[in-house]
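Visitor: Numbered according to my numbering, the sequence shown spans residues 1 to 278.
Since the hints were derived computationally from the structure, they do not count as laboratory data.
Careful: at least some of the hints might be erroneous.
What the hints assert, rightly or not - Subject to a maximum C-alpha distance of 27 Å in a straight line, what follows is the list of computed BS3-like cross-link-like pairs (lysine-lysine):
# : residue 1 : residue 2
1 : Lys239    : Lys264
2 : Lys239    : Lys267
3 : Lys169    : Lys264
This one's a predicted model, so the numbers in the text were calculated from it and none came from an experiment.
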Amino acid sequence: MLTYTTCSEAGGVGKTTLAANLADAHTQQGRNVLVIDLDPQQASLTYLLDIPAPRGDGEADNIARHIIDRPEGDFSDLIYNTSYGFDVLPSHGMLEMLPRMLTKAETMADNLNEEFEPNLRLRRVLSEANIAEQYDTLIIDPSPTAGPRLYNAVAATQSLVMPIEPTGKGMQAISGVEDMVRNLEDTMSFNIEILAVVPNGVGKITNQQECVRRIRDLGYNVPVVLRDRSSLFGGCLDKQCTAFRYVGFHRDRQRDYEVETLDKLRKLADSIEEVGTS
């Protein structure tokens, strides 16, 4: 099974847009895809894809309840089918409180002498729901900030895809993720692989080109470099759809540079599949 978390230490690098478009690209290539949205922010993947989930309903069953072992229904009932052909497990506002909820659940488990590992909860939930038997591809898009949402995602997938901005800040973000990976590997006793690093918003500026070279020199897989496509990805957010849908249905004419970007997204999905399933 191909599993990975879209991960970045900073917001604004296209992490969620990348997750949605990779899900679309994998589906076009015949894969059976589930995307889990672990970001409680309003501009989450759930919003981007216009999933009609009860994100603000505190009484509704949601992924946070399942993570703390207090579900209100079957896990399968949380999953939404989409017109893209892939499925989405949407975000919920309760995820904002997940760190506190996990701490409380861990204390209760300790009092009962029960095992409860906060950062492995999602992995256990997915295993019990037999997700690996229903899908061949799992993408998790958590919030970028360090904490149990990100750690649960990484522990569940054990692989990362990292979009970064081609700047010194982006290079620092790589170092930050490397530190997180080492800490989680030490704590959880398993290896975490970075399947691809995706420079996003790269122009012709010399410093940006140098950043891309440095990333490759570090030994990372960099299958594609995405140029500045603010209009395209901004249009996706405005119309609440993937880039493939936006170009196919919301553009009045074909723009060669946007078609090239879609081809790069397919190439990226190909590379991730090759590395992640080898």
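Visitor: Look at each hint and say if it fits the structure.
Guide: Evaluated hints:
1. A threshold of 27 Å between alpha carbons decides the hint, and for Lys239 with Lys264 the separation of about 21 Å falls inside it, so the pair holds.
2. The straight-line distance between the Cα atoms of Lys239 and Lys267 is roughly 24 Å, inside the 27 Å bound, and the hint therefore holds.
3. At most 27 Å may separate the alpha-carbon atoms for a hinted pair to count; Lys169 and Lys264 meet this at roughly 24 Å.
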